[in-house]
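J.: Here is what each chain is made of, one letter per residue.
2 protein chains.
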Amino acid sequence: MAEHTVRFESAHAPVRVPTGTLMIEAARLAGVDIQQPCGGQGRCGRCAVQVTEGSVRRRSTLRLSTEDIAAGYALACQSVIEGDCAITIPPQQKIERLLTTDRMIGEVTAPPGYSTAAQPMRRVALTLTPPDMQDQTDDWSRLQTALRQKTGIGTFQVSLTLLRRIGAVLRAGDWVATALIETDTWDCPNGPARLVDLLPGHVPSDAPLWGVAIDIGTTTVTLWLVDLLNGAVQAQVADYNGQIARGEDVISRIIYADRKGGSEELRELVLKTINSLLATACKRVQAEPADVVKATVAGNSTMIHLLLGIPAQSIRLSPFVTAMNQVPTLQAGEAGLNIHPEATVDCLPGVASYVGADISAGVLSSGLDDAESMTLFVDVGTNGETVLGTREWQVTCACSAGPAFEGAGVLHGMRATQGAIEDVWINSDTFEPTWRVIGGVAPRGVCGSGLIALLGELFLTGVIDRSGNVKLTLPTPRVRRGEHGPEYVIAWGHETAEGRDIVLTRVDIDNLLRAKAAIYAGFSVLAEKMGMPLEATEQVLIGGSFGKYINVEKAVLIGLLPDMPWERFRFLGNTAVRGAYLALLDRAARTRIADIASRMTYIELSADNSFYEAFTSALFLPHTDIERFPTVQAVMGK
Amino acid sequence: MAEHTVRFESAHAPVRVPTGTLMIEAARLAGVDIQQPCGGQGRCGRCAVQVTEGSVRRRSTLRLSTEDIAAGYALACQSVIEGDCAITIPPQQKIERLLTTDRMIGEVTAPPGYSTAAQPMRRVALTLTPPDMQDQTDDWSRLQTALRQKTGIGTFQVSLTLLRRIGAVLRAGDWVATALIETDTWDCPNGPARLVDLLPGHVPSDAPLWGVAIDIGTTTVTLWLVDLLNGAVQAQVADYNGQIARGEDVISRIIYADRKGGSEELRELVLKTINSLLATACKRVQAEPADVVKATVAGNSTMIHLLLGIPAQSIRLSPFVTAMNQVPTLQAGEAGLNIHPEATVDCLPGVASYVGADISAGVLSSGLDDAESMTLFVDVGTNGETVLGTREWQVTCACSAGPAFEGAGVLHGMRATQGAIEDVWINSDTFEPTWRVIGGVAPRGVCGSGLIALLGELFLTGVIDRSGNVKLTLPTPRVRRGEHGPEYVIAWGHETAEGRDIVLTRVDIDNLLRAKAAIYAGFSVLAEKMGMPLEATEQVLIGGSFGKYINVEKAVLIGLLPDMPWERFRFLGNTAVRGAYLALLDRAARTRIADIASRMTYIELSADNSFYEAFTSALFLPHTDIERFPTVQAVMGK
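Going line by line, the protein sequences match chains W and Y.
Heads up: the first sequence begins at 1078 in our numbering, then just goes up one per residue.
Heads up: the second sequence begins at 1078 in our numbering, then just goes up one per residue.
These aren't lab readings, by the way, just hints derived from the structure by calculation.
One copy or two, either will do: identical chains are not told apart, so a pair holds if it fits within one copy or between any two.
Capping the alpha-carbon separation at 25 Å, the derived lysine to aspartate or glutamate pairs in DMTMM-like fashion look like this:
no., residue 1, residue 2
1, K1337, D1251
2, K1606, E1449
3, K1227, D1251
4, K1606, D1209
5, K1606, D1640
6, K1227, D1212
7, K1606, E1690
8, K1548, E1630
9, K1548, D1578
10, K1606, D1212
This one's a predicted model, so the numbers in the text were calculated from it and none came from an experiment.
Given the sequences, and given the hints that come with them, work out the whole structure.
T.: Written out as structure tokens, the structure is:
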């Protein structure tokens, strides 16, 4: 087959590829990363590149204008190489890759009454009698006898890898050793205990015993490093999921995973994110990742499938089933987590294709499964999952909100870390904003809570109308037509950390409207299905990685949250990682999560039209039916 | 460091090595295999090579004469390269590498009353209801529900590897599938069942379900391929253990394993033997090795340690303890067996450093643990292990007999396969022999039973004296001084398969005397320790890979077996592989072996001098104290 030379402007060397190679594939070979937020389906247009020499065959030109094509633009995921060519990649919307610590949502200490007895993982200090000619007991039996005397447990499982080292460790410590044992696992609650590691000598009894709770979000991965001895969270870190550039939502990721090598690539990307977060968290407490001896993982069903390399296609295709909702207990080595290779990795159980382990964990940590009154729980993330119920029953549904509230898919969006504008007020006369920045530094962008406040203020002050259109006629330079269409300038370049204006564009506003509409539609459909008015809800528990600091007034103003007395709302931060943390500490919590997952009733929204109607109605500010928002009506009527 | 060029005559290219490299290491780099029966300790002299150009530094010259050294001979394991040199490797005593089937020791069918209910491994035919929008149950739960309906078992464990394939298999078979399950394992007798594999469609219910029983002897590896559905042994194969060239006995192997890379090398060698036997056996029944779904392994403690790559040094050094006597249940993938990667590999439990799983298995299959009368069990192999007892109690000891009775360490020795002389008679007037060859073909060598008969006949006819000296003065060309010293010619070149004389040398006779003396010494020490005369033994059960056909009269004549009425002796063939086979079929047999291993009392012979004295006394024909052999005394007195 004929081969052609492809030069990418940003690559250090050209590549040779055969006729018919996808441009995105040629880019990969050249070491050039091109983002594909739609997963390479040719839908989003973000992978557009400019062919400056030679030509390519365009299989699809969706989102490209005739002028674009005339100027040589082509979609990298939809165009194939048919001759020598040179390609320039336009500056792409950058996703914040900076590794940051989540704003501490308060110091986390163990739940009241936490005891290491609730914890299957423990260290046991041993002093053995050395063998002699009168006692030729084998090393492994000798060790088990010593363990039995200390723990009362009769037999232990051990891996071949560890068995190979036992004799040397016992002799290196002169028959004094510290065993790391796991008394039971999720799969075998009454099963044999396991020897996880053996160290020569005695480890000080108060030396931390590290565990890690992980939440894999579609957009954000959060990790808590925990001392299992006292249950205290010693480090909290978070970063964007490395898979984002291969699809912004779960559907795009599943499509990407179905390509040749796609599943392996996505698996490696998320493992890279997790392992680098692990390294950061461990460094902060002066531990080694190999010191981490247990992990629990929450995440939506697609994220769990992709983490484990399990085909996820059936999630996307009717009748929308997962390969599994309950994952067997794994060891870190096979799961690919860079902690102690024999550490247990427990992926928490999910409910259905679109209501995963993050929600089971969230219901536990929010306390909904123990609520006496009618409670609504929503996890505001890339997928907006909603649960309605009490301790007696729970129903749940999910909708795709997109990553806007996590700061992705918004031009100057960012995560809630240092430099993020987290709250905004706009003067209704001058249209001048005031803002608060996390860390009190010059702003770098706007995080989820800031975006909610900003949208609310823009609406309240009339900068945008109910459909989200920017009034360009207002007498302020803050409102203008920019590179991306109409926009509002939140901060001028000289005020910012990076010297460029921070703006909210019309496109951003549309993304935010879609996100809030999807979440509100979830609430209303669920209430409707249960035949009760949404207002009958006595408390609304809100989880999400944007933290605890949403302004309820503004969230109601834009129609993200239903119009109810403010005291009914409680913001809980990342409920998924907190649920994973509780399961990490206590086998009773782990049992409760499984119970929640198996009891919850899932309502499939794709099965009827009610969701789509509710979503369309909610695309306005605050809602098409403003009667649903009496307090907003009152404010706007002033 | 200076480098030198070393040319091996038999290698296709010279190698470059630094000053101080061991010659054996240089040979390995050159791809030249030099046998080291003593494990590289410089004891056996078998690795002697001739330096034809240049010179080497000899750290030891044990077993080399002054003339040898003058002619350039050096021990490859004890000499280091200090300059360019050329090396010739003399023809080495070849160990038969021919892969052969053991003489069938009779067709083996399942023990009476065998039922697959005794067998934890089984196939389950499933027809599932496909998912739809009314039933969005996940694939894994759906599969478990179907399994529960068919088996009554609630939950199953599954590996991540298999979990990745389940969805595709279910859909490929249109929701009709065959599950391979294991209901329990040795480690978890009441633990969760496990899904081992899943195949699309229904496998015919009478298609064989393959298991394999393996005995790893120091010299010989034996493998039985079994249809678990009916318990019938469908193929029996055996070959020399590939580790032989790295040491003839367990001590030499342990020393070799302690070298850099030695343990890995020995592990690979035995795995190569096992996996090639597996391939042969499977080919014979038209199966694939991956169709084999369960394995049990017997072997002495050193063999089990080396198979698993577990350090074995403590076996050799006082106080002689193993790393473990009970091995955890393994999967074939981690054990390195080339069968179904998720097949359970169960290494049977041993008793002590020198009484391993082969003896626990042998006691079971010989029935000693159920014997009403005083019983002696001996496993005639490279290690001569002896057990004395009844169903009430058992004591055991071990001694190193060497591989002579397995045909190794004897110039024209071979295994009991086609072409082996298995019985011999010598005319006391003419000293002409008559022999019987397995398969009725021209002889290629002499197997264990043939060697026993030959030694007995040589003694009976006066060709050798009580010390084993060959009477060179006899009027027959059969007795002569050969290349290796005095020898007796069993077959002339023109009568043999390979056109060369088959002889028994003085060195061979010494090896046979040492082997039989060690075994007899074991009997007598054990009886002495128990304070009973050896003659009080009511039955003698004899296991060993030389098969069923030892001539008892001759075995008593040479003092291998005690002088007792012949009807007290029973030859059982390879009792170790038979025990492994019983454990493969039936969990009750497996439990009984563990029981045997834990109850047996081990007597450490190295702890006192009684064994050495008994051994020295037994180095004569039949024994120093001929009064112990009244029937031999009567025959010889004639």
